[in-house]
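Participant: Spelled out from the first residue to the last, the chains are:
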Amino acid sequence: MNFSFSDDQILLRNSVRAALDEQCKPAHVRAMFDDPKGYSDHLWGEMAKLGWLGLPFPEEQGGAGLGLVELALVLEEMGRAAYPGPFFATVVLGGLGLTLGGSAAQKDKWLSAIASGTVRATAALLEEHLDWDPAATAATAAKSGSGWALSGLKRFVPWAHAADVVLVPARSPEGLSLFLVDPKSAGVTLTPMVGIDLGSRWSEMRLDKVAVGADAILGQPGTAGPVVESLLRRAAVMSSAEMLGAARRCLDMSVEYAKVREQFGQPIGSFQAIRHRCAEMLLEVENAHAAVYYAAWALTAGAEDAAVAASICKSYVNEAARKVCGDSIQVHGGIGFTWEYDLHLYMKRAKALEPLYGDTEYHRELITRHVTSSR
Amino acid sequence: MDLNYTPEDIAFRKQVRTWLEQNLPKTEIRNLEDRRAWHRKLFDAGYLGMGWPKEYGGGGARPMEQAVVADEMARVNAPSPTNSLGLGIAGPTIVVHGTDAQKRRYLKKILSAEELWCQLYSEPNAGSDLAALRTSAVDQGDHFVVNGQKIWTSAGAIADWGLLLARTDTKVAKHKGISCFLMNMRQPGVDVRPLKQITGSSEFSEVFMTNARVEKSDQIGKLGEGWAIAQTTLGYERGGRALARVTNYASQHSRLVEAARRMRRHGKPLIEDPLVRQKLGRIWAEIEVERYQALRTLTLLERGEHPGAGGSLTKLSYSELEKRFMELALEILGPYGQLTEGAPKEFQLEIDTAVGERGSWAYAYLWSRAGTIYAGSSEIQKNVIGERILGLPKETRADRVGGKA
Ligand SMILES: Cc1cc2nc3c(=O)[nH]c(=O)nc-3n(C[C@H](O)[C@H](O)[C@H](O)COP(=O)(O)OP(=O)(O)OC[C@H]3O[C@@H](n4cnc5c(N)ncnc54)[C@H](O)[C@@H]3O)c2cc1C
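Protein sequence lines, in the order shown, are assigned to chains H and F. FYI, in this note's numbering the residues of the first sequence are 1 to 375. FYI, in this note's numbering the residues of the second sequence are 1001 to 1405.
Think of the hints as simulated: they come from the structure by calculation, not from any bench. Predicted model, so just to flag it, every value in this text is computed and none were measured. Warning: the hint list may mix true and false statements.
Calculated pairs, SDA-like style, for lysine to any residue (alpha carbon to alpha carbon, straight line, at most 20 Å) [what the hints assert, rightly or not]:
id, chain 1, residue 1, chain 2, residue 2
1, F, 1279, H, 322
2, H, 323, F, 1320
3, F, 1174, F, 1221
Derived CB-CB ranges, DEER-like [said to hold, decoys possible]:
id, chain 1, residue 1, chain 2, residue 2, range
4, F, 1369, H, 21, 38 to 48 Å
5, F, 1395, H, 252, 19 to 29 Å
6, H, 211, F, 1008, 53 to 63 Å
7, H, 128, F, 1395, 46 to 56 Å
8, H, 213, F, 1327, 31 to 41 Å
9, H, 46, F, 1077, 52 to 62 Å
10, F, 1055, H, 330, 48 to 58 Å
11, H, 129, F, 1258, 51 to 61 Å
We put the CB at the ideal spot given by N, CA and C, even for glycine.
Working from the sequences, and respecting the hints, build out all of it.
Facilitator: See below:
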């Protein structure tokens, strides 16, 4: 039993942090707010070179063959930098989705292209009804010639406008199935959905009898339920890692500020109201850290409690990040409420991720199902 | 990072489990003598003082092994050993700061519960501000004479010995004039008066010392070093118990789930009420996160590192969690929750409530109020975290003004 990072893992984290400190400064984040595409191709190319884009994929498919702990380390740093771009969509949603459900041919084709930086991907996991349970999927897939015709309405599809391929769960006559869709195909309409975090982009994705080939389905028709569930779990934990990074940044900035900002002739950090708040923030950040890395390890190792650990992670980190980021604004006072000060970049990232990949109540219900069924 | 237990640890756990199956008391523990007998059995099996040096009766075991024993005991809801302050505070202080003669004289008897201990730190006017203590120990050449009053002394009424902090020098800054002693509680100058707690029982006491005697050979460390010694001892109150504590919470949670299955509201079992399900899910997540943290702490201890100020995070976390948990439990249990007697079996707790009392939910709820007060209140822990981990500036305090302390 060893709940600490290896030297390699620490090295990875440090190199990711150094690269993002250099190339993803707040000025870059802000510049991307006004960029039509919303992310930098240059930085994308760098990430490919550094091996981040293929990090969790098998080596045969151009990946680094690492696990979710390492991926969480990268995503924590991205949250800390409020990185704007389709990394999460591509590597977690698209890439892990393909890893979990794709055939050897599909993986060969797509994963190495993702790893080399030539392809961006995403997944459309949420619909109009906002129910994360894959069983609630309403989109349909009808047989059409040798392939399929997909129809339905997907919402909050991350970085769909930048994607070359979207994983789309839809209900075929056999049951829930998962398809690869090119968002530029005829019948696909993308409408931007703009949220508070301008470094994240989403689209509404309308599919109107979108024709896909026979090779566009992942696995056998009707078997996608468990794949989508596993993907959702991974997305829940990996988005938690990103929220953790954002929260830690908010805490760090608050502590630094509390040391230098003076009122009543003293640094505000000497006042217990502020100091105790910072101590509580640290407690939440450390607990969130434990929740994220425990779940990431459990999923990678296929531990018995992996599924419930993912739900524990997301529900816990949702609340922890909400508290820490919210409190950071309070510690900063007026300056924390300004557009020019960087705090809101991180706070908004966490806020945007909170309801995604299972909100707090959704995961709490799963936890209770687990504790009431296992005893 | 590898959170799997090693084959050795798994084998050890199995061995402990088997021992507990065979040796767990079959009848209820009713009095101190029963508890002492159970304690003795645990000691003979090598499950007490596991980390203490072998030459003084300890087991020289790894932190993981200690955690596994505590965890397995919690799993089967085994009664705690007696002498918790001897094992948790006095013993470790003697192990670290005591002389060889002191180790030989005291440690074995702590482990066997032949001598029971208490901790004589707090005073009526020195609680959180422990260094303000006024009890005096005056050097009489061959011994010290102690005068003063201690309060909230857990196990005071049954203790044979006390770990004492007393002032030996009034002319220096307050943190510098304190020394640490081992004091015989069974002497004419020591008067112990039990105090009744909000639980109705009397685990703590007031202790009055009037010309009490402490031998020179029972001084721990150097004169005037009592404050530093107390700082390290307070650290022992954390550590490897964390995993066991979580296992206790887990058993309590499953009792709560059971109770929620039995109760009905609007014609349906309470367990089907979405609000109740949300509450149960939330607190289970918090309990599990506490378990992950316990594993993190164990990793440090296994590497021979001391959590240091990080212990304050652990203490703050679990004591506040326990309070939230018990509040939620009583909310779910409704009027059953506050019963101390006469509750139907399915709504009783019947789980060791960390103080070694088989308790009702009501008792556990009341007891949960203590954790955020003793061993450094939550406010004090947050001060420590703010200053020592986050490096925030110290507050201006009267006892730090004018170059003192
Ligand atoms: C069940 C129980 C068992 C105990 N057992 C023992 C024992 O065996 N031996 C022993 O020596 N002692 C024991 N104690 C005493 C315990 O250590 C003290 O109660 C504790 O240190 C708090 O001191 P106090 O009660 O004087 O409260 P105070 O110090 O008066 O505190 C009152 C309130 O003020 C807050 N406060 C105090 N100072 C500050 C500050 N600087 N900043 C912010 N807030 C502050 C506290 O957090 C608390 O909320 C026990 C207490 C309990 C409840």
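Participant: The structure should be examined with respect to each hint, and the outcome stated for every one.
Facilitator: Taking the hints in turn, this is what the structure says about them:
1. At most 20 Å may separate the alpha-carbon atoms for a hinted pair to count; residue 1279 of chain F and residue 322 of chain H meet this at roughly 18 Å.
2. With a CA separation close to 16 Å, the supplied pair residue 323 of chain H and residue 1320 of chain F stays within the 20 Å bound.
3. Restraint check for residue 1174 of chain F and residue 1221 of chain F: the C-alpha separation of about 18 Å stays at or below 20 Å, so the hint holds.
4. Look at residue 1369 of chain F against residue 21 of chain H: about 46 Å separates their beta carbons, and that is inside 38 to 48 Å.
5. For the pair residue 1395 of chain F and residue 252 of chain H, the supplied restraint of 19 to 29 Å holds, since their beta-carbon distance comes to about 22 Å.
6. The given range of 53 to 63 Å is respected by residue 211 of chain H and residue 1008 of chain F, whose C-beta atoms sit roughly 59 Å from each other.
7. Restraint check, residue 128 of chain H to residue 1395 of chain F: a C-beta distance of roughly 53 Å satisfies the suggested window 46 to 56 Å.
8. At about 58 Å, the beta-carbon gap between residue 213 of chain H and residue 1327 of chain F misses the expected band of 31 to 41 Å.
9. The given range of 52 to 62 Å is respected by residue 46 of chain H and residue 1077 of chain F, whose C-beta atoms sit roughly 56 Å from each other.
10. Distance hint check for residue 1055 of chain F and residue 330 of chain H: the Cβ-Cβ separation is about 55 Å, which falls inside the suggested range of 48 to 58 Å.
11. With their beta carbons about 34 Å apart, residue 129 of chain H and residue 1258 of chain F fall outside the hinted range of 51 to 61 Å.
When held up to the earlier numbered hints, the structure conflicts with 8 and 11 and fits the remainder.
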